[in-house]
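If you want the building blocks of each chain, they are given just below.
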Amino acid sequence: MYKIREKKVLAEKTVMMKIIAPDIAKKAKPGNFVMLRIDEKGERIPLTIADHDLKTITIIFLVVGRTTEDLSKLDEGDYVLDVAGPLGNPIEIKNYGTVVFVAGGLGIAAIYPQLKSLKGSNKIISIIGAKTKELLFLVDEIKENSDETIICTDDGSYGKKGFVTDALKELIEQEQINHIITIGPTIMMKAVSDITKDKNIKTTASINSIMVDGIGMCGSCRVHVNNKIRFACVDGPEFNAHQIDWDELIKRNSKYKEEEHECMYSKDK
Amino acid sequence: MESEEQKPEEQKPEERIHNFNEVCFGYTKEQAIKEAKRCLQCQLPLCEKGCPAGISIKKFIKHIADEEFDLALKTILEKNSLPGICGRVCPAEEQCKKSCISRPAINIALLERFAADNAEKIAKNIKKTCKKIAVIGSGPAGLACSSDLALMGYEVVVYEALHKPGGVLTYGIPEFRLTKKIVMDEVNYIKKLGVNIKLNSVIGKLFGIDELLKKYDAVFIATGAGLPYFLGIEGENLNNVYSANEFLTRNNLMKAYKFPEYITPVKKSKKTVVIGGGNVAVDAARVAKRLGSDVTIIYRRSRKEMPGRDKEIKHAEEEGIEFRFLANPIKITGKHDVNGIECISMKLTKLDDSGRKIPMPVQGSEFKIACNQVIVAIGQGPNPLIGKTINLNTGKKGNIIADNNYQTSIKNVFAGGDITSGSATVIKAISDGKKAAKIIDEKLKRG
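Going down the list, the sequences are from chains A and B. Numbered as in the working numbering, the first sequence ends at 267 without a single skipped number. Numbered as in the working numbering, the second sequence ends at 441 without a single skipped number.
Hints may contain errors.
With the C-beta cut set under 8 Å, the calculated list includes, among others, these residues of chain A facing chain B [as the list claims (entries may be wrong)]:
1. Thr66
2. Asp76
3. Asp80
4. Val81
5. Ala82
6. Val232
These aren't lab readings, by the way, just hints derived from the structure by calculation. Backbone N, C-alpha and C define an ideal beta-carbon position, used for all residues, glycine too.
Whenever a hint applies, use it, and build me the whole structure from the sequences.
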């Protein structure tokens, strides 16, 4: 059992929790994730480790379905049954030069530990976006740890009006970029990848495929990268964005749409 | 003395394809006693030579005949801590039962199962040593090794990556073949022996082997062969193409067949094709059947070469699962979801190194099967997570190399079960775990 030490609603439907898991916290590196199960009847879901101290790991999640909704209803002092990690490969921390982070929605939480670890040795430019102002979070934290921050909202309620990809296109014209890291909805990452592929800028994406165990034993999270089958949980989740079969990933991620709906519905009954 | 062979009741096929309850009900008290009384109590019991765990079969059967069920179980537990599991999944017809001279042969496994289910497992008092051993993986090899080491007095900590112990016993073998309550009962018995099982502990990520060596006198790696192989053919990443591992994990570990009471979903498909001929393929096919699907198993060799257990294949046939032998998939078709599979007929040619006939495609014999789900069950390899974190000698397929004494290339690190041999049987893993425990004990005593 893993105790929730702190809970905070960061934005509309966006919840942060600090969970006591000292062994995981000691080993957590930027790019790692955990698999979490709330209770005996629960499913296992992957969540990025957004931060950690000596005793706790921080997770940030968006309420999108049954499990995240159930999780959002837990309070400080409550427990979740299972947390396993740190999983996945950490990002490579080195001197790239100018690094641009492009994040949308929950991806903002995932880039946070990464840009913290790359700051100082790299010039960090962050482009973060959400549908509306209400859905933005960690803005101050991202700003503090970036040399430059561009904020976009689809409706223009905060920062620039438009998509992160619009801001990226503009930036590419003005700035010499050495490396791009993108995390967010698959459609957004694909769009980023398409832009940077033409410009030949090295881009990595942290993909979010459907996972069950998260330790490489089932292949639910598989995707073609450079025409080879890769398991996101053990071979990734970061891959060269230009080599990912994005259409396949989008298709695979929609696999359980009906069941996800049924699951919410059965709960309402 | 002589009486007829006792056959346990089984759930009828037309009923059992709608549920996940055990197919075989096991012996009643009367049946078990009758069957036990058929044992000839041979001077030199050949059955015992056939048991990889070395159970005193003659003695425990005598106890059942005398209605001393607790003593029967005690006798078994001296050699095997997992009798409820072995009594259900051991291929007894190739082991103990094969050498039995009674005709028909005594159903030893069913008697073992009876004892496990009908007597109380009492943990004995153990004299503790002060040495500590870490076991990685709580599958059959890890459980067998840790229980034996605990009985020898060692302080044993088992690290398990998943949220439930048991390895393949929990995520792989379905409920109708091995109820999870039995697995948990046996795990609880092992806990009573003093074994500490730490769940959600992914070794190689949470702790390295080098860190474990600082805290423990020895490490036993029993992480199994849990990496699914895929076919490498077109269409393999279409929706509704599962590895058997994923399909079985969703259903057995996560109980997706009880969705939406349990939150993990699994697709329910009208027509399923399972590729492979081992127990995993048969298990996956029978699970799909219970989810309401029509099922065809395609296998590239013939029925005779199927590595799956005969009894389970028969059960599958009774349940209406179709078999298409001498067929190999070449392409999975569909746009988003699977709509069919293209295969080619095979013929068997000369023997290969393993003594099995090599299947070769028959030119121009391509055919299609319409289906909306494909389950790939063509085997598993060792999970590479641990090998990545420490400089252990590994083989071509990523298996950890250990000698006849389960010794790896690193001092005080031992390995056994599927991680060394590739995917084999539960009883082989149990026997590896037991032998490794003995060797670890000898080595630590010698210092």
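Structure versus earlier hints, numbers of those that do not hold, lowest first: 1 and 2
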